[in-house]
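Q: Chains as they are written, first to last, in my numbering: chain A, 79 to 193; chain B, 4 to 119.
Bear in mind the hints are in silico, worked out from the structure with no lab data behind them.
Idealized CB from N, CA, C, for every residue including glycine.
Keep in mind that the hints are not guaranteed to be accurate.
[Said to hold, decoys possible] Listed below are several chain A residues computed to face chain B (Cβ distance under 8 Å; list not exhaustive):
| # | residue |
| --- | --- |
| 1 | 121 |
| 2 | 128 |
| 3 | 169 |
| 4 | 180 |
| 5 | 181 |
| 6 | 183 |
| 7 | 184 |
| 8 | 186 |
[Claimed, not checked] Okay, derived cross-link-like pairs now, EDC-like style, lysine to aspartate or glutamate, Cα gap no bigger than 16 Å in a straight line:
| # | chain 1 | residue 1 | chain 2 | residue 2 |
| --- | --- | --- | --- | --- |
| 9 | B | 86 | B | 65 |
| 10 | A | 156 | A | 88 |
| 11 | A | 151 | A | 107 |
| 12 | B | 100 | A | 174 |
| 13 | B | 81 | B | 21 |
| 14 | B | 86 | B | 66 |
| 15 | B | 100 | A | 130 |
| 16 | B | 45 | A | 88 |
| 17 | A | 151 | A | 104 |
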Amino acid sequence: AQTVTQSQPEMSVQEAETVTLSCTYDTSESDYYLFWYKQPPSRQMILVIRQEAYKQQNATENRFSVNFQKAAKSFSLKISDSQLGDAAMYFCAYNDGGATNKLIFGTGTLLAVQP
Amino acid sequence: EPEVTQTPSHQVTQMGQEVILRCVPISNHLYFYWYRQILGQKVEFLVSFYNNEISEKSEIFDDQFSVERPDGSNFTLKIRSTKLEDSAMYFCASSFKTSGGQETQYFGPGTRLLVL
Numbered sequence: 079a080q081t082v083t084q085s086q087p088e089m090s091v092q093e094a095e096t097v098t099l100s101c102t103y104d105t106s107e108s109d110y111y112l113f114w115y116k117q118p119p120s121r122q123m124i125l126v127i128r129q130e131a132y133k134q135q136n137a138t139e140n141r142f143s144v145n146f147q148k149a150a151k152s153f154s155l156k157i158s159d160s161q162l163g164d165a166a167m168y169f170c171a172y173n174d175g176g177a178t179n180k181l182i183f184g185t186g187t188l189l190a191v192q193p
Numbered sequence: 004e005p006e007v008t009q010t011p012s013h014q015v016t017q018m019g020q021e022v023i024l025r026c027v028p029i030s031n032h033l034y035f036y037w038y039r040q041i042l043g044q045k046v047e048f049l050v051s052f053y054n055n056e057i058s059e060k061s062e063i064f065d066d067q068f069s070v071e072r073p074d075g076s077n078f079t080l081k082i083r084s085t086k087l088e089d090s091a092m093y094f095c096a097s098s099f100k101t102s103g104g105q106e107t108q109y110f111g112p113g114t115r116l117l118v119l
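If we strip away everything but chain B, and leave its shape as in the complex, we get (with noise of 0.2 Å):
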């Protein structure tokens, strides 16, 4: 069964570093989404990207943040100067919406960053 793959699957950075997150959405799926949850708090979402495009984000992704399909099939998330906040568990997930539909989304396993 196909599945999202995230790597690495632990991150340990310096504050002020960048740290770039990966992700394999599903083969056929054509929307890509970003979530993180900090230890023991609710998922958030924090990005999602159609067509090679941001549709949306939240107010958490700001400047610091950005997001890539450098190649087919590859989606990753970069946060350019980690600040001790940032410090969570990170989700990908992707879908395949038809249009009038929505299409559930699969997550990955998940990143976790820790941020010293």
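The shape of chain A in the complex, shown without the other chains (with noise of 0.2 Å):
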């Protein structure tokens, strides 16, 4: 069965500098697709970035990028000019884009910002 785990209960970053976000899975599969969602105070799920296995470049988006190692099933988030509204749990999730697309998710980092 495919896992996810993260290994960073917690983290924390000044405002303004860069934070790497730790995550490794499990799977056997070599097509599948993997995800950073953001659960702020709110609790609600935002999408912060994906990443397609097949895809060699990694995902950027805005200050958000992916550092994505295949053959070490890595998946790191780093966020760049960290900002206030940064803090939150961050979730990294698998998904083997099979019939159901469920999604498998890590157990979470809890990213705190320091002005």
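Now that you have both chains on their own, put them together as the hints suggest.
A: Here is the structure:
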């Protein structure tokens, strides 16, 4: 069964600095999709970024980028120029794009941004 | 921008009572999902729904749970006889999957269910 591991329960970053959140996963599939979702205190799940496994190029969305290492099954999220509004729980999620499309989530990393 | 909506935002119920959680997915989406998140824990998949039937369900989704798309817009999750351990945030999500691809799932704001 596929699993997603986030080994950093909590992280802290200074405003305007850069932080990297780690995620590893386990799968025997060759084609799949990876996501980072942000969950602020309101507890809404907000998509941050997605990566298709068949694409070698790392996805970027403004200040958010990923380092996707397929062989190592690693998918880290880099947040540049951190802002106070980035403070949230961040979940890494995996989807094998199969018939049901269910997402498998990691346990999350709580990011604090210090002013 | 289209979004998934959920009602109610909060629900308090007595153990053994039935609850219905409602969701309105994004209008052109074809796949619908329910997830749950117990406080302090990760988000867990409950069920996926496509073409008016369940595509997959998790071990959590036992006979106490059911889903329905009663009309062209709503998607509901019913818990027939609630238990204390059903207390959680319940998220609805929807996606529009094309053949050979995987579309992003968009989440609603969640319904916080408290069973007393």
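Q: What are the numbers of the hints that this structure violates, sorted from low to high?
A: none
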